[in-house]
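Colleague: The residues making up each chain are set out below.
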Amino acid sequence: MKYQVGKMGASEGIGLTVIMSIATIFLSSPAFIAERVGTLAWVVPLVSGTMSIIAIFLLSHLFKRFSGDLLTITEQLLGNTVGKIISIYYMFIFLSSAFFSVREFSENTLLIALPDLSLNVAFICYALSAAAIVYAGIETIGRVVYLYLPFIMGSILILLLAPYPFLEFNYLFPWQGYGLNTLAENSIGLAGTQAGVIILMVFAQSFQTAQTIRTAAIFAIGGMSILHSLIFVVIVMLFGSKVVAEMSLPLLEIARMIHLSRFFQRVEAIYIMVWVSVGILNTAANLFTGLFLLSRLAGLPTIRPLIPAITFIMIELSFLTPDITAFVAVISKIYLSNFFGMLIFPIILFIAEIIKDRRKKSCNGVQ
Amino acid sequence: MQWRPITLLLLITSIFLTAGCNGAFETDDVAYILSVGIDAAPNNQFTITYRLAVPVSLAGLDPSQSQAKKSSTLVTLTAPSLSEGRNLLKSIISREPKISQTKIIVVSEDIARNGLDALLGSLTRYREYRGTIFLAVVRGSVREVFEKNAPDIDSLTSRWVETIFQSSNESSYYLPADVHQFYKRLKNESGAPYTALMGLNPLVGENLTNSEPDKDKGKELLATQMPRQSGNRLEILGTAVFKGDKLVGFLTNKETRAMSILLGNFNRGFMTIEDPLEPTKAVNINIHLDTKPKINVDISRDIPIITISISLDGELIGIPTGINYEAPAFKTVLENQVSNTIAEQITSMLSSTQQLGTDVVNFGYYIRPQFTTLQELENYHWDSKYPQTIFKLEVHTKLRQSGLMRKTMPIRKD
Amino acid sequence: MDDNIIIRLYHSVKSILDYQPPTGSPNFVLDEYRPHDNQPANSMPNNKFTLEDLNALLRYSNRLQTFTAKVNTILRSGLWKQEARSIKLEFAALEQQFSQLTPILLYYDHSKTVPKLQRLSTSIDENKQTLATIYRLPRNQAIVIRDFSISGMPRLKAFAIFIDGMVDTKLLNNSVLHPLMLFNCTRELYNSHLTEHIIKECLPSNQVEHGLTFDDVENAVNSGNTAIIFDGIDEAIIVGTSGVEHRSIDRPQTEQSVQGSQSSFTENLLVNTGLVRSMLRTSDLIIETVKVGSRSQMNCAIMYIESIANTSLVDEVRHRIQGVKTDFLGDTGELIQCIEDHPSIPFPQSLSTERPDRVAANLAEGRVAILLDGNPFVHIVPVSFFTFFHSAEDFSLKPVIVNFMRILRLLGAFIATTLPSIYISISYFHQEALPTELLLAIAGSRENVAFPAWLEILLMELSFELIREAGIRVPGFLGSSIGIVGALILGQAAVYAHIVSPIVVIIVAGTGLASFSIPEYRMASVVRIIRFFMLALAVTFGLVGVAVALLWITVLFCRMKSFGMPYMSPIAPKSIAGYDVVLRGPIAEQSNRPDALNVKDPFK
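Chains as they are written, first to last, in the working numbering: chain A, 1 to 367; chain B, 1 to 414; chain C, 1 to 604.
Please keep in mind that the hints were generated in silico from the structure rather than gathered at the bench.
Values in this document were obtained by computation on a predicted structure and should not be read as measured data.
Keep in mind that a hint or two might mislead.
[Unchecked claim] Per label pair, the in silico range of CB-to-CB distance: (1) C:F414 - A:P322: 38 to 44 Å; (2) A:G179 - B:H288: 42 to 48 Å; (3) A:F151 - B:K90: 38 to 44 Å.
Here a beta-carbon is modelled for each residue, glycine too, at the ideal position from N, C-alpha and C.
Can you build the whole structure from these sequences, using the hints too?
Modeller: Printed below as a string of structure tokens:
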């Protein structure tokens, strides 16, 4: 089925990585980070972006020795049992991301766009669209995101530039915020929310060369980190870090502040279109990867029969917590644990490869 | 045909069809609230006045029909909070009231003095309010203001509100104050929130203040004090200054202009300056703020020292005495006169704000780069240091233009 | 004496009350076809000899009888020495015919219901009889069988069969009948090289072929050629004489251009291929003819440049066309729906054009063109989505002008799809996005309108579509005026009658105009339909619905392929584009063919 070598290019890779990391921009993460880090918030995405790039580069270095993707390398380096446990862990990361995306984006649709919509209908709308896109395949998702990318980038940039009459530069100072020690913990938290970038490694066999993966990683993760950082810069300049910490949806608040003249104001409705597409595509990508890992684990030839079942499970499980605050408390813990999958585990693999290398060298008397 | 896809399709369609219209409102099922006014009422209640738009009068298809009706209508009721007021409003008007088109929220002085905390929370939490709504404080009764406000040129009061605040920097006798800057200054580490000041003029045409004229012949006025006899009764002059969320004082029109110059918002405005060589007559000058003022706050000592350097640009409008102020020698005299007048006005404004203990110009903004962490900034307590601050002010004026006349020739004397 | 009125009244009342069964023949009812109705009652299929066999034997015996009578007269008149040779040849022919009449062969041959794949017989009467059966002569009157004989030793009987109206009569007379009938030959005939000899030396026609089976003869005659069949030879000579009347080369009807060539294809395949060849004068240009259809074999041509086009693409196209099994295929549109990748998705997956310059340009890029005889529209495969927004004269103007027009077209396509939906979603769900004065003006003008906004839009859209359809069907000079009159009157009157509000008229008119800016007709038609689908989603979900619909459409595009090339290349799977995707670059930079076509020679 999907285990054969495919031919996704750098553009699809960029698309997939972008969709995994851009979804958090539209949710509450800037508020949490501003509350804990203060005016240093704009450094946090750069640090987490660097960590992600390091993880991808470490793993892609491993590909020089081994062929295959993340799971096959794990099995070769650490054994079959550990490989199975790790694949369950990654499957959990992706599927949980899909569930959280559905819940958060549906709740936010109710909050912003359609307040009288029934929550069930919003869930079904998102879940069904995502399931339909999963049928289309991961390549299609990558291509659609790549096609949408100029519009998403353009609208976010317009969003950042339009409130310029209200921006005040000095609100970015004092630059160390609440202290540099808060940086580490929050970067880990943010990196956890963006753990999905490991998708490049999960589908490593389907990309053309290892160089494609590296190019995609640099452009996508780098670009997204810079964009995320810019958003922090603008929002702290616009509101001051105390007010940002109060908000549920910081990016939306920037959109609501646009008041260029009598004609161009109150235009956050247009920003809704960008954000709905991102939510659905993010859910679809996470769902596909989770299902892919599940079928790899269970040895199934295809994922299509699983899709309706997992969609229903997704809808039900997302309803687990009764309100959004408890939900956010739960997912922030899970996102913190995702960090293990994103950076720590690749480092473990890398160290394991070095150890195995040395052992090989010591065994081989000819060298 | 296979039954599974068909069943699924039917179920999904029925979900979407039975879920209702998802909050879709026809344009004629909605009443748009253009402005909200809040008065104090006994027993901790509010008297809320809503101005609702009447769209039929603006349709434009049938001129005779449209001019007959007024373009907006008023509803006044008493309720314990804004949201309860919405509930009660629903029993008066047939359509769903929507706040998405509200332009301004007007508060009476009493409520402002007691604190705006009851209002502010709902202003930032509820999705229909937004940060670009203007805020104003009224001296007097808000309900009367709404009833008597009848702008002659604009068809809608919402248009009047938007346009008047958009063009505020043409004289800067008032400032565009919205919820965003109010909230930003309220929550962040420095800065005093402010709102615009409005009031109804009694139209008696007399002197309603007893301010002494200084070198600037214009009077120091607050809203309701302008000496005039006709025109729309509502006028907007001056600023209401808050400490925290409570109203503590007012700034007159000239103090507001000084504040606007310090904020960098001032664009241009006319000044009538006592002629330095003939004190009984006045020279008219159009001043214009060239670059933002350079403000430097020195906190190395116990008492902060703020150095302000302002450079203004001027255009001669009228010289009744005919003195040749276009020539360089005289020009310097006039320039000094202008600079001194403005410096005096700014100093007086700053001292009155120091007395109130409110940092309206937000000098605390300029000390932020001098700290490394937010804890240090908070520990410094700028608000307590502000009343003792020493100001060093420099104003430079350059009269660049003299209009279409090169010099004035004297009137023929017999 | 005539009946007077009272008696007539009495008779009519009586006929009502008194039932009489109807006289006269019953009305015609088109019922199920029952094939056994036309067979004679006493057919016995297990007979060893059928009616045709007996008739064939009878005819042979007649021939034998005439032959013996002829030999008799020759012997009696004493001319044996001169005639001996010809008599012997004729006898040999008769022997050959007898050998074909052995019962086994007869039974085997005639047991086929359609004698198509039968080889021609050496007996001229047999051939004539079989052809009469095939063409249902003498009912089918346009088929002409012209008997003639060729002088020689002995005189050779022959006949020509052709369809009157499809042959060029002058060509037939001058190059077939004239040389053969006046042909003076002293050689002996009745040998197997006769046809070769006639073809090479006697027929001055420019296209001559052999025909061996009845199928070949049938195909030739159906295409307007003439088949000549000789007595004693089991081959036919097929001469190219087709001269069907066709329309002359005209201006293009649907793809107007200001600059650029003004010729368009006609219905004749040879004329069309000739036009393309006159533009691409390369010997690499290959035009393969494939026959499509079972009952009526339409000529379908595949054109490509051998040294550029990908061979697997050409093979795939040919394979798909050959796999089409149908009776009649009248249109290239029908053909392309049979062979394209996703027939159920309404978006077009091939470019249909009636301009030879566009075909030539696309062939030079490495694409394949499909033509069908009888239809002036040519389909070009494979194409990407962006090709539908290129017009024919995009390369004859400067880049700045062309890029402005292309962006305008894409904008027009987007507006045509989404403008009503965005209006509905903003007016229902997101009223705050409009400036206050505009919103109050809209609200005011909608005060007196009884219908909800979505119904207004739907009514106006449907009436616009009706006007558009009516404008196509109304003949002649009335067509355009009906459009204008209808639109004006309908719009204005609807506003005054408070059925719709004025802004809806503006929106619908803007949408309609925008949809006319799309150069490709099929794409514009799909856009018209998608509009309604998006409208439904916008009414239920607002801008969220519009975003979801756009997302679904984009996912569909990224999933589609057009003959193996992804629909959204070169953007979605990124490939070297050749700077002619959305915007067009200067001519000097157009040095690469599109990479997605995987051509043999990537440089222009």
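Colleague: Now tell me if each hint is right for this structure.
Modeller: Hint by hint, here is what the structure shows:
no. : hint                        : verdict
1   : C:F414 - A:P322: 38 to 44 Å : holds (42 Å)
2   : A:G179 - B:H288: 42 to 48 Å : holds (45 Å)
3   : A:F151 - B:K90: 38 to 44 Å  : holds (40 Å)
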